[in-house]
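J.: Sequence:
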Amino acid sequence: MVIEDLILEAGGEVVGPVRSNRDALDLIGRAPIDLALIDVNVADGDTVPTYRMLRDKGVPTMVCTGGMVPLQMRREGFDGPVYAKPVAPAEIVRGLVGILEAEPVAEPEFVPSSPGMR
1 MVIEDLILEA
11 GGEVVGPVRS
21 NRDALDLIGR
31 APIDLALIDV
41 NVADGDTVPT
51 YRMLRDKGVP
61 TMVCTGGMVP
71 LQMRREGFDG
81 PVYAKPVAPA
91 EIVRGLVGIL
101 EAEPVAEPEF
111 VPSSPGMR
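The working numbering numbers the first residue of the sequence shown as 1 and each following residue consecutively.
FYI, nobody ran anything at the bench for these hints, they're computed from the structure.
Among the clues, some could well be false.
To be verified - Mimicking EDC-like on lysine to aspartate or glutamate, the simulated pairs with C-alpha atoms at most 16 Å apart in a straight line are:
1) Lys57 to Glu76
2) Lys85 to Asp39
3) Lys57 to Asp34
4) Lys57 to Glu91
Could you build all of it, start to finish, from the sequences and the hints given here?
T.: And the structure:
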């Protein structure tokens, strides 16, 4: 629970953890998620289905694993940071904060107030 504690101390909110794709997909479907930290191996296989749903929702994803990022994830565009276990919890939190700080802020769209304005 050290990672969760550090995330909370950094001002984040933790929704999870989950130990299977089934639980992850359920959580992603019902909770707002700004950023995800996933392992590539969970109780019901690799986390490719979880990655796909996160990607489709535009959720930046970081991997922390004792293995390798599945080839299918790489083929489908995963290019996030990967931390090899064992890694210090504080390093993981620094990586998460770095991702959030690097996320571009959407520019407001200009909408003219009348048809003739530019």
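J.: Now tell me if each hint is right for this structure.
T.: Evaluated hints:
The hinted pair formed by Lys57 and Glu76 meets the criterion: a straight-line CA distance of about 14 Å does not exceed 16 Å. Restraint check: the Cα-Cα separation between Lys85 and Asp39 comes to about 10 Å, which is no more than 16 Å; the hinted pair holds. As the CA atoms of Lys57 and Asp34 are separated by approximately 10 Å, the hinted pair is consistent with the 16 Å bound. Between Lys57 and Glu91 the CA atoms are separated by roughly 26 Å; this puts the pair beyond 16 Å, and the hint is violated.
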